[in-house]
Amino acid sequence: KAGVTQTPRYLIKTRGQQVTLSCSPISGHRSVSWYQQTPGQGLQFLFEYFSETQRNKGNFPGRFSGRQFSNSRSEMNVSTLELGDSALYLCASSVGQGAGNTIYFGEGSWLTVV
Amino acid sequence: GENVEQHPSTLSVQEGDSAVIKCTYSDSASNYFPWYKQELGKRPQLIIDIRSNVGEKKDQRIAVTLNKTAKHFSLHITETQPEDSAVYFCAATTTSGTYKYIFGTGTRLKVLA
Chain A
1 KAGVTQTPRY LIKTRGQQVT LSCSPISGHR SVSWYQQTPG QGLQFLFEYF SETQRNKGNF
61 PGRFSGRQFS NSRSEMNVST LELGDSALYL CASSVGQGAG NTIYFGEGSW LTVV
Chain B
1 GENVEQHPST LSVQEGDSAV IKCTYSDSAS NYFPWYKQEL GKRPQLIIDI RSNVGEKKDQ
61 RIAVTLNKTA KHFSLHITET QPEDSAVYFC AATTTSGTYK YIFGTGTRLK VLA
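Protein chains in written order, with this note's numbering: chain A, 1 to 114; chain B, 1 to 113.
Please keep in mind that the hints were generated in silico from the structure rather than gathered at the bench.
Wrong hints could be hidden among the right ones.
[Said to hold, decoys possible] Straight-line alpha carbon distances no greater than 16 Å define the calculated EDC-like cross-link-like pairs of lysine to aspartate or glutamate that follow:
#1 B/K71 - B/D17
#2 B/K58 - B/E39
#3 A/K57 - B/E5
#4 B/K68 - B/E56
#5 B/K68 - B/E5
#6 B/K42 - A/E107
Because the structure is a prediction, the values reported are computed rather than measured.
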């Protein structure tokens, strides 16, 4: 069974631009969550989608948004990029929603903002 | 808000020694506690987890203990090997509203040969 797939793996953007990252969950998984990973900050929760609906959101500004499609694939978008948005963005999927569902991570998308 | 504290941030041990990483969570409603290992440049991978109805769980050289009263849980690695070198993250899932994972800030473990 294929794992969680994220594209692109690496990208460089300029301040003020916007970026869209894509995530394909493990087949059969309906929940997709997104995390930002930066040195010293660990894994910060961005948002979680289940059945095309955002079920939970972390403490990030409105520039960070996402969506989920009917096939459970998800995208996240960051508008008006800032230097501080440089990070590894990790997508994770799980079978269902709810405490106790193990999440499985993708390899991540490395975003550098210059 | 919900919080998971993880200590130490870095840990160096000699090969063959044991390593212990500790986490404390704030949400008493949390009931699932996974541990992830992230090798350099790779994705975090689940190595062991424990649920709130269990006090201890072992898997070969790895064990996790949970103290719900004190709201802390620990990862124990025995007979450490160089391939155990990585960053380890603890997490707790909170049931406040809809669930989400709260991760600790990570522990960089170095196993010295």
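Against which earlier hints does the structure fall short, listed by number upward?
1, 2 and 3
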